[in-house]
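For reference, the chains in residue letters:
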Amino acid sequence: MTARLDASATRAALPVLRRPRLPFSPWHLLLAPLALVFAAPLVWLLLSSVMSNAEINRFPPALWPSRVDFAGYRYVLENALFLRWFTNSLIVSAVTVGSNLLFGTLGGYAFARMRFTGSRALLALMVATMAIPFQLTMIPTFLVMKKLGLIDSLGALIVPSLVTPFAVFLLRQFFLSLPRELEEAAWIDGCSRLRVLFTIVVPLSRPALSTVAVLTFLSTWNDLTWPLIAVNHDTTYTLQLGLTTFQGQHHTNWAAVMAGNVITVLPVLLAFLGAQKTFIQSVTSSGLKG
Amino acid sequence: MPGLPRPITVPSRGSASGRGLRHPEPPKTPVTPIHRRRRETAAAWAYISPAVLIILGLGVVPVAWSLVLSFQADDLVTPSRWVGVDNYAALAQDPHFAQAVGNTVLYTVLYVPLSILFGFLLAQALNRRIRLAGVYRTLVFVPFVLSATAQGVLFSFVLDPQFGAANSVLHHLGVSPQGFLTDPAQALLVLVGITLWSGTGFCVVVYLAALQDVPPSLVEAARLDGAGTWRVLRHVTLPAVTPVTAFLVLWQLITSLQVFDLVYVTTKGGPLGSTTVIVYFVWEQAFKNFTAGYGAASAYVLALALLVVVIAVRVLRRPGKALR
Numbered sequence: 012m013t014a015r016l017d018a019s020a021t022r023a024a025l026p027v028l029r030r031p032r033l034p035f036s037p038w039h040l041l042l043a044p045l046a047l048v049f050a051a052p053l054v055w056l057l058l059s060s061v062m063s064n065a066e067i068n069r070f071p072p073a074l075w076p077s078r079v080d081f082a083g084y085r086y087v088l089e090n091a092l093f094l095r096w097f098t099n100s101l102i103v104s105a106v107t108v109g110s111n112l113l114f115g116t117l118g119g120y121a122f123a124r125m126r127f128t129g130s131r132a133l134l135a136l137m138v139a140t141m142a143i144p145f146q147l148t149m150i151p152t153f154l155v156m157k158k159l160g161l162i163d164s165l166g167a168l169i170v171p172s173l174v175t176p177f178a179v180f181l182l183r184q185f186f187l188s189l190p191r192e193l194e195e196a197a198w199i200d201g202c203s204r205l206r207v208l209f210t211i212v213v214p215l216s217r218p219a220l221s222t223v224a225v226l227t228f229l230s231t232w233n234d235l236t237w238p239l240i241a242v243n244h245d246t247t248y249t250l251q252l253g254l255t256t257f258q259g260q261h262h263t264n265w266a267a268v269m270a271g272n273v274i275t276v277l278p279v280l281l282a283f284l285g286a287q288k289t290f291i292q293s294v295t296s297s298g299l300k301g
Numbered sequence: 013m014p015g016l017p018r019p020i021t022v023p024s025r026g027s028a029s030g031r032g033l034r035h036p037e038p039p040k041t042p043v044t045p046i047h048r049r050r051r052e053t054a055a056a057w058a059y060i061s062p063a064v065l066i067i068l069g070l071g072v073v074p075v076a077w078s079l080v081l082s083f084q085a086d087d088l089v090t091p092s093r094w095v096g097v098d099n100y101a102a103l104a105q106d107p108h109f110a111q112a113v114g115n116t117v118l119y120t121v122l123y124v125p126l127s128i129l130f131g132f133l134l135a136q137a138l139n140r141r142i143r144l145a146g147v148y149r150t151l152v153f154v155p156f157v158l159s160a161t162a163q164g165v166l167f168s169f170v171l172d173p174q175f176g177a178a179n180s181v182l183h184h185l186g187v188s189p190q191g192f193l194t195d196p197a198q199a200l201l202v203l204v205g206i207t208l209w210s211g212t213g214f215c216v217v218v219y220l221a222a223l224q225d226v227p228p229s230l231v232e233a234a235r236l237d238g239a240g241t242w243r244v245l246r247h248v249t250l251p252a253v254t255p256v257t258a259f260l261v262l263w264q265l266i267t268s269l270q271v272f273d274l275v276y277v278t279t280k281g282g283p284l285g286s287t288t289v290i291v292y293f294v295w296e297q298a299f300k301n302f303t304a305g306y307g308a309a310s311a312y313v314l315a316l317a318l319l320v321v322v323i324a325v326r327v328l329r330r331p332g333k334a335l336r
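So the sequences go chain by chain: A and B. Per this note's numbering, the first sequence starts with residue 12, numbered consecutively. Per this note's numbering, the second sequence starts with residue 13, numbered consecutively.
Hint data in this document are derived by calculation from the structure and do not stem from the laboratory. For each residue, glycine too, the CB sits at the ideal point set by N, CA and C. Any given hint could be a false lead.
As the list claims (entries may be wrong) - Cβ pair distances, simulated, as ranges: (1) A/199 / B/243: 52 to 62 Å; (2) A/210 / B/224: 31 to 41 Å; (3) B/96 / A/209: 51 to 61 Å; (4) B/322 / A/102: 32 to 42 Å; (5) B/100 / A/158: 18 to 28 Å; (6) A/128 / B/323: 25 to 35 Å; (7) A/245 / B/184: 32 to 42 Å; (8) B/183 / A/78: 21 to 31 Å.
Isolated chain A (complex conformation) (with noise of 0.2 Å):
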């Protein structure tokens, strides 16, 4: 208190040029407008997707909807195969997600605390995949997918990403940085490595975990890339892929190409401002630990 008072007095003391007083602190000023530039798509999304064709056809084109009409969520719900596409991105995903958590932490695990012969070599090799850009492999994946007649099912969309070198690097380093001491104790009482690892390690891992989960899942959901090499179909199609087909056949219909994108975006989102921590957390992480 007294500190802060021999501030102020300093402060006056001296000949400071007065500034006209702002309510709040001058920094929104800045970053209000900034802020604004970036949810502005989003807020348009938003908007149109609730838009009438009418309006948005106008030109120039309202920028706010007179009324709230669902109409191009109700054609994308009725015409397309939105729902479809819906299940067939939840499926890849989940079932992406999980693979990776257990294989990783399988995987992981050995490569943190058992000593078998190769281990090294083996570790430096996973390391050096994670560098090999997805193009180099994308035409022989392919290929070996073709091979095992996955090619236009949902296994072709898995199967190369069942489980990540990053989630095994990932959760080793994690599993380094545990204290060995309260597994061993386990040991001692008898429990087996698999009861060790899924009793003790994994339920203190859970940040590494999250980390690995929410990553894989944004990667997964969120690709193109692949699911256009992979697929061919339109009942095998994600998301992603069933909105740019969408988008190209109906280019005219605005609103419901909104409506769709905006299912597309959403669980996404929903996450997102769900686990914001996490996300951001292992999205940081994924750039200052590695």
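With chain A fixed as given, assemble chain B onto it according to the hints.
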């Protein structure tokens, strides 16, 4: 999987407060009977076999396969034919490939510095105790979680020359309507703009995390020594976030050299090839023209370029490391 924030394994430079990376190797276990060791090896291989299978089968093998393909003529259906370096020779002559390289370089040269600069400035502005800072951060970051497809569909609409909101706003401002993505002179710049909209938020949150690790005592000390805002920025903040900047440069370079989805959704490489980027070229060759060998060769050129970029960034980072 493009667009996914995989970690790049830049060895941590000490300042990034990694939770796990700098952890010492586990202590060597005391001598164990050989049979126990063997059992452990068997169990460990059982644990890692799914990972190894997928990573070898769909990571390592395809890399080699791609190399073989690049020396072949292959249409993805009939057996392929060995053509030696013909694909690479043809690439060197192909004006479309040259255009794709040019477009990718231009896109990268614009996007990488701008996203990092904006990201840093925004993070600086947000890194203070003001009301709504959390809301601003959320709004800036939200576009990053949207898929490139959703971004592309949204902006094809916003920037539609006839029905888009952008031209509507310009009309109100008295500016003549623009072609945006349909104008060969503008399309690539518009794509850079769209990715800046969605990608800057990533740089912002990464910088914010780094800025929060800059010890306030350091800034305080500099202030007491009479350093102004610029000198604090130049001599305290910027050096403190250098490892993060290096990471972001590498990361943004890699993502922008690999841009594809957005191009596919918005312009399909047009108009007049003005937005054909390298990955679009690869995809077009392999899966549209069914010249997979040619596509593989162009993918290898891209991969080599990426390798050179990664090595260059690491080498350039060396002096910084020596200073630490």
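Outcome of the hint check:
no. : hint                      : in the structure
1   : A/199 / B/243: 52 to 62 Å : holds (58 Å)
2   : A/210 / B/224: 31 to 41 Å : holds (35 Å)
3   : B/96 / A/209: 51 to 61 Å  : holds (53 Å)
4   : B/322 / A/102: 32 to 42 Å : holds (35 Å)
5   : B/100 / A/158: 18 to 28 Å : holds (26 Å)
6   : A/128 / B/323: 25 to 35 Å : holds (31 Å)
7   : A/245 / B/184: 32 to 42 Å : holds (40 Å)
8   : B/183 / A/78: 21 to 31 Å  : holds (23 Å)
Consistency with the previously given hints is maintained throughout, with no hint failing.
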